[in-house]
Amino acid sequence: MATDATNTGVTGTTRVKRGMADMLKGGVIMDVVNVEQAKIAEDAGAIAVMALERVPADIRAQGGVARMSDPTMIDEIINAVSIPVMAKARIGHFVEAQVIQSLGVDYIDESEVLTPADYINHIDKWAFTVPFVCGATNLGEALRRINEGAAMIRSKGEAGTGDVSNATGHIRTIKGEIRRLSSMSKDELYVAAKELQAPYELVCEVAETGALPVVLFTAGGIATPADAAMMMQLGADGVFVGSGIFKSGDPVKRANAIVQATLHFDNPDEIAKASRGLGEAMVGINVADIPVPHRLAERGW
Amino acid sequence: MSPVIGVLAIQGDVREHARCLEQLDVDVRLVKTAEQLKGIAGLVIPGGESTTMSILAVKNNLFGPLRELRTQIPMYGSCAGLIMLADSITDGRPDQETIGGLNITAKRNAFGRQVDSFEIDLNIAAIGDPVYHAVFIRAPLVEAASPAVEVLAAIPADKSLTGTDQVVAVRQNNLMATSFHPEITADLRIHKYFVDMVRSA
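So the protein lines, in turn, are chains H and P. Counting with this note's numbering, you get residues 43 to 343 for the letters of the first sequence. Counting with this note's numbering, you get residues -14 to 186 for the letters of the second sequence.
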C-alpha cells in the first residue's frame, strides 16, 4: 500500500489518501468534458473537476460501451486548471486505473457511470498510490468498497437524470444504517456485519464512531442549488454535479449558484438568492421511466 | 473564561480543526460570514483548496473583514490556510487574492500532485520532543520569507527533494502557518501552540 517516493517521506498512505478527501469537504466536484468547461468550473469555485469524455446524460442518450477518457483530453484538463483533477475508470478495470494514475490524476472514480469491465470484482485499490472514490447505494456497499481500499465514498444516485430522488434515497439509507449500527449493542454487531455483507472490523468502527471512516459525498441527479443544499443538510460532506451544470441553459450561472448554495446550505435566504434567474435546468428524465436494466446505480455490488 | 476561536468554514477540513481545538478547552465557532467573525479571539484557516476558498471569500465579501482582523487577533493557517495568509503566492491563479500578513512567498502544490503527497517526521523546537509526524497533502512550501518571519519547521536538506532546507512552518508575530495538516493526526501540539498564542495575546 505505502510506497517509497522520490521524496524521503512516505507516499500513498491511507492517511494521505483519506486526508485528500477531507480537504475537498464542503465543496462541489463538477463533471467536465473539455478545457473550456474545466475553466468555468474552476472560476465558479469548484473544489475539483471530473474529466470525462461524455457527461452521464450523453452516455445515457447515446448508449454503447462507455470507457476511460482519452489521456490527451485528461492531460489538457490537468494543464488548464490548478484545482484537483479526477478521472473515471470502469468498475474492475485495473489497467485503466493504472493508466489514469500514470497521468498524474489526483483521484480515480471507479464508476458505475462507465460500463463495468468486471461483473464480479472491483479494483484492488490498495495497490495504488493515487486514492479512489467509489459509489454506493447503501452502507454495506460503502464498507465493501472501503475494504477494497476506497478512500472516499459517494452515494450513487442515478447519474444523468437530473432526478434527485435516488440521491436522496441513497444518502438517507447510508446515514440511516449508520445510525442503526450506533444504537446496537456490541453482541448484535456480528449479525449486523453478516446482514450488511461487510467486514466485521469496519462495522464495529462505524458503530463506535457513528460515521464512515472516509469522507461521504453525494452524486447522481443533482441539478439545482436547492438539490445541492438538501444533500448537505442530509449529511453529505460535499456534492458531485455531473450533467446538471453543462446540460443546463446557463452553465456559468448555475455552476456559481450551486457552489454558493453548497456553502450556505443551511441558509434558505442564500439558497433563494442563488436560485434566482438561472435559466433552464437540464430537462432531465424521471428515474421511474428508466427500465431497470438501464439504471446505472444497479451496477456495482 | 474560555476564548472563542473561529474556524473559517468556507470549505475544507473544518471539522478536524474544530475537533482538535475542542480538546484544548476553547470554545469553537464555525465562521462563514463577516458577522460571525465578531468577538472571536483567534481564527484557524483550515486545509482545503486555496483557489476555492479565495473565490468564495471574494464572493461573500470576507476579505475586507479578514484583513482588518489579521492585525488584531492570532490566526493560524494549515496548507491552504498558509496560502491564504501569505503576502504573495506562486503557481496560484493570476487573480487569486489572499488575506496576507505573513511576509512570505508560498508556492502552491510545491511537492507535486496527490500521488506525491507524503508523511515525514520533523524536529520542531517550538513544540519540543518527541519528533513530530507531519502529513503533507498537495502541500505548499514557503519559498521565500522576510527576516521578520520566524521559521518553526523545515524539511532538512538531507531529506528534501531540492537538497536544501524546505520551510514548512512559520510564525510572524500573531500569525502562524504550516504546510502540513496537524488536524488529521492525533498530535495536538501544533494546535496547543496556537491556543497558547491566543491565550497570551
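These aren't lab readings, by the way, just hints derived from the structure by calculation. Keep in mind that this is a model prediction, so the values were computed, not measured. Among the clues, some could well be false.
Footprint (simulated), chain H over chain P, 3 or more residues, beta carbon under 8 Å [stated by the list, open to error]:
(1) 47 to 57
(2) 107 to 118
(3) 153 to 166
List of simulated lysine to aspartate or glutamate pairs, EDC-like, C-alpha gap at most 16 Å [unchecked claim]:
(4) P/Lys44 - H/Asp85
(5) P/Lys44 - H/Glu219
(6) H/Lys295 - H/Asp85
(7) H/Lys81 - H/Asp100
(8) H/Lys81 - P/Asp181
Partial list, derived from the structure: chain H residues whose beta carbon lies under 10 Å from chain P [unchecked claim]:
(9) Lys59
(10) Ile82
(11) Gly87
(12) Ala169
(13) Ser227
(14) Glu322
Every residue gets a Cβ at the ideal spot worked out from N, C-alpha and C, and that includes glycine.
We went through each hint and held it up to the structure:
1. 47 to 57: Violated: only 0 residues of the segment 47 to 57 of chain P have a Cβ under 8 Å from chain H.
2. 107 to 118: Check failed, 0 qualifying residues.
3. 153 to 166: violated (count 1)
4. P/Lys44 - H/Asp85: 11 Å, holds
5. P/Lys44 - H/Glu219: Given pair P/Lys44, H/Glu219 is violated - Cα atoms ~37 Å apart, limit 16 Å.
6. H/Lys295 - H/Asp85: 11 Å, holds
7. H/Lys81 - H/Asp100: 21 Å, violated
8. H/Lys81 - P/Asp181: Distance ~42 Å between H/Lys81 and P/Asp181 Cα, so the pair is violated.
9. Lys59: 8 Å, holds
10. Ile82: The hint is violated - H/Ile82 has no Cβ within 10 Å of chain P, the shortest such distance being about 12 Å.
11. Gly87: 4 Å, holds
12. Ala169: 13 Å, violated
13. Ser227: 26 Å, violated
14. Glu322: For H/Glu322, the interface hint is violated, since the closest Cβ of chain P sits about 23 Å away, which is over 10 Å.
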